[in-house]
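Asks: With the hints as a guide, bring both chains together as one complex.
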Amino acid sequence: MKPVNYLLLSLLGMSLQVSAQTVVDDAWVRATVAGQPSTGAFMHITSSTDSKLVEVRSPVAKTVQIHESKMANDVMSMQPVSSVALPAGKSVAIEPEGYHVMLIDLVGQVKAGDQVPLTLIVEDSKGVKESIEVKAQARALNSMPMHDHGAMH
Amino acid sequence: MNELLTRRRVVTGLGLLSLGLIAGCDSGSGLSYKYGKDLSNEILGRKFKLRDADGTEMMLGSFRGMMPMIFFGFTQCPAVCPTALARAAQAKKMMGPDGDRLQVVFITLDPERDKPAMLDAYVKAFDPSFIALSGTLEETAATAKEFKVFYEKIPTGDSYTMSHTATSFVFDSRGVLRLGLSPSLSAKQCTEDLLTVMSVC
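Read top to bottom, the protein sequences are chains A and B.
Heads up: the first sequence begins at 12 in the numbering used here, then just goes up one per residue.
Heads up: the second sequence begins at 412 in the numbering used here, then just goes up one per residue.
Chain B with its partners taken away, still in its complex shape (with noise of 0.2 Å):
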């Protein structure tokens, strides 16, 4: 009696083993996406500490359990920030109730100008579930080195505008990093792509 207990246990937790093994959760396997890269190579955004409006200080795990779409722009980028943001919007309203699980997080490159309540403000109007986060220009600096995203100052006479890299970058529902989406697919192509990462984490 005793001995069939314990064996059940045992092909009880094998099964559950191989379900997590066909869902593909652990670290290692690659999913194939349909538009986006595979990014589950690559180790980026792990030790990020930016804070949120309210001064939170948010990371990577502050996300758990939500799978996280994080790019990196400005308030004054007139194309790809606002496009992106708008496209992300668009992808959440197209994946249904599993875009509940979506947190799409803006962090801004530009953190003297992007003033935290307006930089909220301005994610917030793309859609109210939006996080945007700040840091100081070094801790902005060492986050975007942690992606290996790229940014820089464009002077324009009194001002400046800024050249930076427009990966969305996609996290499973454990923090790991799943997927880049490119700037140049549709929401219907994220979309797609997004409910892959989500149909096994």
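Okay, chain A solo, but in the shape it has when bound (with noise of 0.2 Å):
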């Protein structure tokens, strides 16, 4: 009995360290229109070792995906990836114009205000995976980043 309550224990303990490894900022998700089959979710993810977001599941879509868009001679071309690399200390943005996730074949509409439940599949080098359970704000259709681009050319 005592053997397996240490295990839990120290199954628990470890549980608890590794989710403090990965904080999750600013999760946002943009609202749809009705019929509007997709969107997109963002946030800022910061590790606390070399890991990787894996996959990203959610109850508001069937599918959801991380993809990469790419912006080169005013064309922006898009991608599905496997992963995202997560460096150790370091937040990585999964934003409109980098990795994102996108939420696919909705389940009904997302109105500005829900809180989307998404949760975050991170391995770490040694693959040993964690999931992040994460409230994403829906923002109207029309929100603008916060950052301005113009200011970064």
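Note that these hints are calculated values from the structure, not bench results.
Straight line, CA to CA, 20 Å or less: simulated EDC-like cross-link-like pairs of lysine to aspartate or glutamate:
1) A/63 x A/36
2) B/599 x B/509
3) B/458 x B/549
4) B/556 x A/85
5) B/559 x A/85
6) B/448 x A/85
DEER-style ranges, computed between Cβ atoms:
7) B/528 x A/55: 33 to 39 Å
8) A/142 x B/539: 39 to 45 Å
9) A/59 x B/540: 46 to 52 Å
10) A/118 x B/585: 46 to 52 Å
11) B/475 x A/119: 40 to 46 Å
Just so it is clear, CB atoms sit at the ideal spot from N, CA and C, and this is done for glycine as well.
Replies: Now the structure itself:
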């Protein structure tokens, strides 16, 4: 009995420790109009060890994928990716202009103010996976990104 | 007396003509833009015919008197399309009363999924004055080609996303192509160049 308890405790301790390694800030989803089949989810992820985001799940969509947008010569190109690297201690932006999460085949309209549940699966360099529950706030369809694009160029 | 009148008419005529020249309304003169690209030597978008949400056929001439700003996208686009629409809405506000003459036109590159009513609601969520146009796959391809807009479907499992040119094309109120705005520009930068186009036509 006792060893089992210890094991449980240590497992619990481990999972707590692991959960503390990845921090998600400023998660949001772009609201949709009725009938719009997909939308994007955005956030900042900081992991304390070198790891990668390998999967995202959400009950609001039948399919969730990680895509990457790239802009070259005013052509915006889009590509699904299998993972996003999360270098230790670095805040990685999951944003419209770069890596982003696509919620495809939405089960219903996402309205501004909705709390959209997301589960992020992050894998560390040893292959250990942790799942992080996030509530992303739906922002109005016409929300502009927080920064001013023009200032970057 | 008669001669005088005629002369006056000629002088008035010349005056109007020179005003027109100063105003740069002839399609030959290029304007200098601070941020955008001068497209006055390009002939794009002259012949397209697409439909709005009500099924009304629309072409460049439908926007005569307005300054159309046309760009291409699709509603399942996560980044550049909503950003460009939000930027256009902001620029229209920043232009003040002149903004009333800016007609934002969004052409879908994904008519299979962007059904007219949903597409219309989508663009009007940014500004109620915005217009969305769509056509058949063939009409869409022809329109994109006419604008030299590149687009392609990218398969993603059971679904697809799209890569596409994200330039906004600005015509003056006479339907002459003037300006190309890159998606990397801010609303403020776009506003300055849009007002430059507006100052002459």
